[in-house]
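*Asks:* Dock chain A against chain D, hints included.
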Amino acid sequence: MALLEIAGISKRFGATAAVDDVSLSIERGAFYALLGPSGCGKTTLLRMIAGLDAPDGGRIVVDGTDVTRLPPYERPVNMMFQSYALFPHMDVARNIAFGLRQERMDGRRIAARVEEMLALVQMAGYERRRPHQLSGGQRQRVALARALAKLPKLLLLDEPLAALDRRLRAETRLELIGIQQRVGITFLVVTHDQEEALSMASRVAVMNRGRLAQTGTPAEIYERPASRFVADFVGEMNLFEGELTAGFNCLALAARSLGRQVPLPPGTKLPEGGAAALAVRPEKMVLSDVRPAGFAIAAAVSSISYLGGGSMIHFTTERGMLLKAYVPGAASDHLRRGMAVWASWPLEAGVVLTQ
Amino acid sequence: MLGFGFLYAPIVLLVLYSFNASRLVTVWGGFSPRWYGALFRNEAFGAAALTSLEVAAAAATLSLVLGTFAGFSMARFGRFPGRLVFGFLLLAPLIVPEVILGLSLLLLFVACQSWFGWPSRGMLTIMVAHATFGGCFVSVLVRAQLAGFDRALEEAALDLGARPWTVLARITLPGIRPALLAGWLLAFTLSLDDLVIASFVTGPAATTLPMAVFSSVRLGVSPEVNALATMFLAAVFVLVALAGWLMARQERRRQTTPRIRPI
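Respectively, the protein sequence lines represent chains D and A.
For what it's worth, our numbering labels the leading residue of the first sequence as 1, then goes sequentially.
For what it's worth, our numbering labels the leading residue of the second sequence as 1001, then goes sequentially.
So here's chain D without its partners, still in its complex pose (with noise of 0.2 Å):
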């Protein structure tokens, strides 16, 4: 059974759902990512599982319990929060014993558990410090020792990079699931941030205006995409909007900013006359000089960006549309602006959205 079942939960603010009809399962042990941009409700579903905000309707299942109507001091789940939350009067090994001392754990298992905590996210010796004497990064590891001590069955981390800088958070989130690993507490993290999801989590859910626009993984919800929104908002994306019609021998789409037909993936089973809409990735793209056999658009080279890695090269149709590609290396030597070049991409690479 999932460790944590949520089922048609609800939440509104005045006129506006914050949450609307969320049902959700997260399997033991897993690293689940709650992934959308800010207002999609993501934390609002975070803190009514923390127990900090009342739902309208639903429930939240933990481990078999319903905890639904309980209080958050009676849940067995524990929470990061985004600002981490330190106590200011407290020093560092008090911050981490304030939630077992609430369970009245003897005084010498909370100082074996408090030490246990500092060597796991390596702040040991830290133990008087108070949380203003300490960097940002050191403090989201308190944080995050605080939110484990009591090792709840579910752990909740709301933003836990967003308030460190890129270096520091490129190399905390390898230690995230390290720690993750190590003890074993299913992680639920909330974050706006889809390289952060796809590269921490092993299921993510993608959730837009309090819904659950898709929920797998990482891969599924990269190279998958159900719909528009997952497809633009995670990652980049080439969108070709148009009608279904028929091509050669197979379906194609009229794509409206083309101006012509764009071939569809083989193998596409939709009536033909309805909307759709045609999802590239970057990386799918080719470009060369010379025409190629087969499908193509003529485009001109509007600016190349050099990314270190690779180069994320813009290029401009015929009719004006603004699309782009990703080419390994850097394109600047063979690529030049206002250059004419033609774009394709291996039919199967490319996703239909209906949503």
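Calculated directly from the structure, the hints in this document are not laboratory data.
Every residue, glycine too, gets a C-beta built ideally from N, C-alpha and C.
Any given hint could be a false lead.
Reference listing, derived: stretches of chain A covered by chain D, where coverage requires no fewer than 3 residues with Cβ under 8 Å from a Cβ of chain D [as the list claims (entries may be wrong)]:
1. 1142–1154
2. 1160–1168
Reference excerpt, derived from the structure (chain D facing chain A, CB under 10 Å, subset only) [unchecked claim]:
3. Leu52
4. Leu86
5. Phe98
6. Ala143
7. Lys150
8. Gly267
9. Leu270
10. Gly329
*Replies:* Then chain A, alone, in the frame of chain D:
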């Protein structure tokens, strides 16, 4: 500058003349601490000072309790019915002239005494009167500090298994401690300073220090009063400075806590 001169020159003179050896208040007769000695031997002033301190301590403590409740109600209970009226009533004693406050409280105490036979006017009535307006000052400070208090701290404590009363005792009250200390000190100082309200609501038995000074000045200013005023000034200055320092230190701390970067 001229304004400050008008304000502080007399005070500086008063302090200087408290060390005057001469019996005449206006003639400099050389340096001497003799009036401080005389002051300590003056039993009327001594008893009045003791009364004042007792009243001030009790009034400040009562102010702290009432003001903290009021501050929490204003900062935390959302839009309860009558919130606006309650907020205005909390500020009113800070604006209403002391004479009116004193007179109205006197009428209340007289009525109470004739109906219930209690309280007889004296230290208790002064203390209650001082607590009414002291509580308002405390509530303003507590409310302001609660407004800047990070609710996530309370949520984190709840999340870690603390019950609401534990959260209040272990997280919220320690968090607003500077406002509580400053509020107590402010209420204490105000009570110590007050002449008008105390004169209204006192009975025959209780004389506070400002009342004793005022009645002695009416018989002619003695250099002893200068010495007393200097000591009072020093005490009030220290208390107010302490209250200010506590608030400033808290403000600095708050600025060094992490800010969440907007996303």
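*Asks:* Close enough to count: is the Cβ of glycine 329/D nearer than 10 Å to one in chain A?
*Replies:* Violated, about 32 Å.
*Asks:* Let's test the interface hint: is any C-beta of chain A closer than 10 Å to that of leucine 86/D?
*Replies:* With a minimum Cβ separation of about 8 Å from chain A (threshold 10 Å), the hint on leucine 86/D holds.
*Asks:* Does the CB of glycine 267/D sit less than 10 Å away from some CB of chain A?
*Replies:* violated, 40 Å
*Asks:* For the region 1142–1154 of chain A, do at least 3 residues have a Cβ located nearer than 8 Å to some Cβ of chain D?
*Replies:* Since three or more residues must qualify, the claim that chain D covers the region 1142–1154 of chain A holds, with 3 doing so at under 8 Å.
*Asks:* Regarding the hint that lysine 150/D lies at the interface with chain A, is the smallest CB-CB distance below 10 Å?
*Replies:* At about 7 Å, which falls below the 10 Å cut-off, the nearest Cβ of chain A leaves the hint on lysine 150/D intact, so it holds.
*Asks:* Quick one, is the leucine 270/D hint okay against chain A at 10 Å, beta carbons?
*Replies:* violated, 37 Å
*Asks:* Against chain D, does the region 1160–1168 of chain A show at least 3 residues with beta-carbon separation below 8 Å?
*Replies:* It holds, with 5 qualifying residues against the three required.
*Asks:* Double-check leucine 52/D for me: the hint is only fine if its C-beta lies closer than 10 Å to a C-beta in chain A.
*Replies:* holds, 5 Å
*Asks:* Any CB of chain A closer than 10 Å to the CB of phenylalanine 98/D?
*Replies:* Status holds, d = 5 Å.
*Asks:* Given alanine 143/D as an interface hint, is the shortest Cβ-Cβ distance to chain A below 10 Å?
*Replies:* With a minimum Cβ separation of about 9 Å from chain A (threshold 10 Å), the hint on alanine 143/D holds.
The structure fails to meet hints 8, 9 and 10 from the earlier list, while all remaining hints are met.
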